[in-house]
Amino acid sequence: MLFIRNAWIAIFIALLPILSIDAADKALPIEIPFRVTKSSHLVVRAKINNKGPFNFILDTGAPVTFFAAEPGKSLGLVSDENGWCILDKFLLEGGLLSEKMRVKLETPFQLVGMNGMALGGLEMHGLIGYDLLAKHKIEIDVSKDLMIWTLLDFKPKAPLGVSGKNSGSGLDALGSFMKTIGAFTGKKQDLNPALRGSLGIIINPDSKPLAVLDVLKDSPGYKVNIQKGDLILKFNDSEVTSLDDLSKMYRSVPEGKKIQLEILRKKQVLALELTPGKGL
Amino acid sequence: MPSIYLLGLQSGLLFLLLCSSIKAQEPVKVPFEILKTGHIVVSVKVNDKGPYRLLFDTGAPVTLISSKVATEAKVIKPSLGFSLFGAGGQANIQSLEIGSLKTQNNSVIVMDHPTIKVMSKFFGPIEGIIGFSTYSRYKFAIDYKESSIVFAPNNYIPQDTIKAMMDRMMGNSKNRETLCSKGVWGFEVQKLETDIGDGLDIISVAPGSVIAKAGLKKGDRILSLNNIWTDSLEDLFYASSKSIANQQSKLQILRNNEIKILVVIPANGI
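Protein sequences appear in the order of chains V and A. In terms of my numbering, the first sequence opens at residue 2 and continues consecutively. In terms of my numbering, the second sequence opens at residue 3 and continues consecutively.
Simulated from the structure, these hints should not be mistaken for laboratory data. Beta carbons: idealized from backbone N, C-alpha and C, even for Gly. Incorrect hints may appear among the rest.
What the hints assert, rightly or not - Restraint-style ranges between C-beta atoms, simulated for each label pair:
no., chain 1, residue 1, chain 2, residue 2, range
1, V, 89, A, 165, 40 to 48 Å
2, A, 36, V, 89, 27 to 35 Å
3, V, 29, A, 102, 30 to 38 Å
4, A, 124, V, 144, 30 to 38 Å
5, V, 205, A, 262, 25 to 33 Å
Input sequences plus hints: build the corresponding full structure.
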């Protein structure tokens, strides 16, 4: 157990002592959406030459930006003898464009390990490192969904190489080791989330019990004839105390399950069964 | 008179509490050193020992300290069983000071990371990594030009990543996640399998809905919601799950090859 645990720790620390850089981008202060993965990595998305999006770990521990070999190949990218590749367009979600950006076209062993077991909950395609990060002031609050990048009037010094690939410390082997465990234990997680659409029922949040203000045409609520003025008493046999409460209950209904609503209409209690919708 | 005395004491206490909380909210600027490899090194005291040089690594899920620091700073170290890279295990550090930023109760891993060992040979001793378990508790701004990071508390409580990952590896984690829209918008989308372009097709708009009032039409293509690309249904539901009912959201749409921005306030409801 301890070995496995420490193996993943070593792998998950996206720390690479590699080398050299060069890139050009022009951008204004910009809000960039990001996610915190289950493995506690900060992930931003990018489109490369209009393809993607690809998931990148924001990594001050990486000297340069890495794009994994496999997706690189699928885009028809070719690297030079040192593994460098010039990307025509590297567009970060939120709108930060870097043109003619140089990246290392290889899969750091950390990504091999992480993707092997899908531990992050997302497929990772690369790392954004010092060469792109250092040109910006970057404000991050993991309790928020957007980070703010502001271009600095600053040319970062090109990072020097410490050694070749991954320092020869034996960590490389761990990546494939983790991948192997993933294959054997069958613990690869389902990355696709369940999607829950709306019931189309618009509610006055300040009313008690909650009162229906409107029902959207053709929505699940419409199909069971929920009407303006209806009062919502119960959701799946639980009493509804607030809209927050109701939203939480709705979100946590298992996929494929129907919903029972108890409604009060003109002194009459009605029991209705609804299927979650596909629209928003 | 005792009541006035008590009142005085209480307000004094309140004042003290207020002062300490205001002080805690003040941003703290921490200077850093940039190694020739581009890595950020901060100066860190562990239980008043040090300072030691640690990497600041946004790609590290946990904070690491070397076994040397763990020993010197008397960090409790459960060291049973087989260990990899001299790893001792998980420990709690009472006091961790990053420059003048004082943090308490940091969960750390005691481990001699091989890459750090290599880096130490070139750049002098480095004794660990400041990772997510520590930095996530702050809103922070990294400025490479000034060589500084400004920290301000954000009240975020990081998960126990190690436990979460072990659970995940052992298959103990819960069912898959559900992405649920926040609020009621009034539109439906589709993505055909043959469709590899940016965005999603709007296939219906409910009459009278907030989105209809904002001007969305059937046949439009939604490109992003609140800056988040909506190239797949997952993307759209994710973006919508991050929006807030009764607050403005921004849609980027494509209509007749023209990009338009629509502002919509999703309605309260389910």
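Note whether the CB distance of residue 89(V) and residue 165(A) lies within 40 to 48 Å or breaks it. Taking Cβ atoms as reference, residue 89(V) and residue 165(A) lie about 43 Å apart, which means the hint holds.
Between residue 36(A) and residue 89(V), is the Cβ distance one that fits in 27 to 35 Å? Given range 27 to 35 Å: holds, Cβ gap about 29 Å.
Check the following: the C-beta atoms of residue 205(V) and residue 262(A) are separated by a distance inside 25 to 33 Å. 31 Å, holds
Determine whether the Cβ-Cβ distance between residue 124(A) and residue 144(V) falls within the hinted range of 30 to 38 Å. 36 Å, holds
Indicate whether the distance between the beta carbons of residue 29(V) and residue 102(A) respects the range 30 to 38 Å. 32 Å, holds
The structure agrees with every numbered hint stated previously.
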